[in-house]
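All chains should be built: construct the whole structure from the sequences, respecting the hints.
Chain by chain, the residues:
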Amino acid sequence: MTIEALWPFVFIAVAGWLATDIWRWLGVLVGNRIAEDSVVLIWVRAVATALVAAVVSRLILFPSGALAATPMGLRIAATLVGFIAFLIFGQRIIVGVLVAEAALLVGLFAF
Amino acid sequence: MEDSPFRQWPWFLTGMRGIFSAPAFVLMGAFVGFCGFAYESGIPLSQTVFMTAVVWALPAQLVLVGAMLAGASLPAAAIAVTLSSMRLMPMVAAFVPEIRTKSTPTWLLLVLSHFVAVTAWVFTMERLHLVPREGRLAFFAGFALTLTSANIVLVATLYSVVSYLPALLVGALFFLTPIYFLTSIWSSARSLEVYLALIVGLVLGPVFHSVSVDLGLLYAGLVGGTIAFGLERLINKWRKNKVAS
Chain G
1 MTIEALWPFV FIAVAGWLAT DIWRWLGVLV GNRIAEDSVV LIWVRAVATA
51 LVAAVVSRLI LFPSGALAAT PMGLRIAATL VGFIAFLIFG QRIIVGVLVA
101 EAALLVGLFA F
Chain S
1 MEDSPFRQWP WFLTGMRGIF SAPAFVLMGA FVGFCGFAYE SGIPLSQTVF
51 MTAVVWALPA QLVLVGAMLA GASLPAAAIA VTLSSMRLMP MVAAFVPEIR
101 TKSTPTWLLL VLSHFVAVTA WVFTMERLHL VPREGRLAFF AGFALTLTSA
151 NIVLVATLYS VVSYLPALLV GALFFLTPIY FLTSIWSSAR SLEVYLALIV
201 GLVLGPVFHS VSVDLGLLYA GLVGGTIAFG LERLINKWRK NKVAS
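Same order as they appear, the protein sequences are chains G and S.
Quick note, the first sequence lines up with residues 1 to 111 if you use our numbering.
Quick note, the second sequence lines up with residues 1 to 245 if you use our numbering.
If you are wondering where the hints come from, they were derived from the structure by calculation, not from laboratory data.
For glycine and all other residues, C-beta sits at the position ideal for the given N, C-alpha and C.
Be a bit skeptical, because a hint or two may be false.
So, partial list: chain G residues that the calculated Cβ filter (under 8 Å) puts toward chain S [unchecked claim]:
1. Ala-35
2. Val-44
3. Ile-88
4. Gln-91
5. Val-97
6. Gly-107
Pairwise CB distance ranges (calculated) [to be verified]:
7. S:Pro-105 x G:Ile-76: 33 to 39 Å
8. S:Pro-105 x G:Ser-38: 38 to 44 Å
9. G:Val-40 x S:Ser-41: 28 to 34 Å
10. S:Asn-241 x G:Gln-91: 38 to 44 Å
11. S:Thr-106 x G:Ala-110: 52 to 58 Å
Residues from chain S shown here face chain G by an in silico Cβ test under 7 Å; the list is partial [to be verified]:
12. Val-26
13. Met-28
14. Tyr-39
15. Leu-62
16. Pro-90
17. Gly-171
18. Leu-182
19. Ser-184
20. Ser-188
21. Ala-197
22. Leu-198
23. Gly-221
24. Gly-225
25. Trp-238
What follows is the structure, given as structure tokens:
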């Protein structure tokens, strides 16, 4: 393999692998110092959850790829419909996912 | 003795069986969507597979493909992915105290931490109370290693097929990820601060996104998480006082 053929893999290893695993390794080192019943763990868990929640709203409001072509209002409505169905039907994840998907597809075909 | 392999293998196998679960199927659907995005963006099969194995975090992979598509320099791409992956640190930090035993070696946690991403994190956190402590790491490892391997195979197999899928379907598969994250975190929440952080984070995500595209997630996490933490402390204090009086 030439350097040029290898370059994308180096790129992915540095900008992808290292850039993500560095946080996982730091997480292990920090987590090793936190007691299971400590107040710090409550804060860390809250920050972790809020970060994932921010990723969720970003994926819904500002998506990439093929989803970006769908109307934002429809994505928000489909999310709400799916989440309400999820709450009504005993918090079953599969219900929420399927209803939200159905709402998105129905909306795309209807408008 | 408590870490004896005889007690751990059954939990590893129990974890492996988790591949036949709704969360695992939803993630596979989302990875088919990712395949479509990588193909559209002109990332070859080998790089798409390599990326799935070594990054193993769907939002980070979207950012990385986006950066490669835009022809970003290596430092610029690395910074964008690093910022978008910060959530992994508190996720792993919250995870480790729950799954380790006193004799779990740190090197093993470092190796296995690579397989922490939202699906495996939520799946394991949701079921931790059903698994005795000495089996928890094995349970997580069984599930996470199987999940990662299955998705690598899936990406390698479907990459050449995905171009025939209609854009509508690929878009719908992309939509799986946020809905799955949302519902699974809600249903796996065992404590008040998780519900609060989820709600505050959802609202602050777009607010801080408009402040800074790169650092927005970090701000939303730190500010949102701290607000949720403060509220949780206040509410629990108020509840305790009420019980005491």
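Hints, verified against the model:
{"no.": "1", "hint": "Ala-35", "in the structure": "holds, 7 Å"}
{"no.": "2", "hint": "Val-44", "in the structure": "holds, 5 Å"}
{"no.": "3", "hint": "Ile-88", "in the structure": "violated, 12 Å"}
{"no.": "4", "hint": "Gln-91", "in the structure": "holds, 4 Å"}
{"no.": "5", "hint": "Val-97", "in the structure": "holds, 5 Å"}
{"no.": "6", "hint": "Gly-107", "in the structure": "violated, 11 Å"}
{"no.": "7", "hint": "S:Pro-105 x G:Ile-76: 33 to 39 Å", "in the structure": "violated, 46 Å"}
{"no.": "8", "hint": "S:Pro-105 x G:Ser-38: 38 to 44 Å", "in the structure": "violated, 22 Å"}
{"no.": "9", "hint": "G:Val-40 x S:Ser-41: 28 to 34 Å", "in the structure": "violated, 40 Å"}
{"no.": "10", "hint": "S:Asn-241 x G:Gln-91: 38 to 44 Å", "in the structure": "violated, 30 Å"}
{"no.": "11", "hint": "S:Thr-106 x G:Ala-110: 52 to 58 Å", "in the structure": "holds, 55 Å"}
{"no.": "12", "hint": "Val-26", "in the structure": "holds, 6 Å"}
{"no.": "13", "hint": "Met-28", "in the structure": "violated, 13 Å"}
{"no.": "14", "hint": "Tyr-39", "in the structure": "violated, 10 Å"}
{"no.": "15", "hint": "Leu-62", "in the structure": "holds, 5 Å"}
{"no.": "16", "hint": "Pro-90", "in the structure": "holds, 4 Å"}
{"no.": "17", "hint": "Gly-171", "in the structure": "holds, 4 Å"}
{"no.": "18", "hint": "Leu-182", "in the structure": "holds, 5 Å"}
{"no.": "19", "hint": "Ser-184", "in the structure": "holds, 5 Å"}
{"no.": "20", "hint": "Ser-188", "in the structure": "violated, 9 Å"}
{"no.": "21", "hint": "Ala-197", "in the structure": "holds, 4 Å"}
{"no.": "22", "hint": "Leu-198", "in the structure": "holds, 5 Å"}
{"no.": "23", "hint": "Gly-221", "in the structure": "holds, 3 Å"}
{"no.": "24", "hint": "Gly-225", "in the structure": "holds, 3 Å"}
{"no.": "25", "hint": "Trp-238", "in the structure": "violated, 16 Å"}
The structure fails hints 3, 6, 7, 8, 9, 10, 13, 14, 20 and 25 (numbered hints given earlier, in ascending order).
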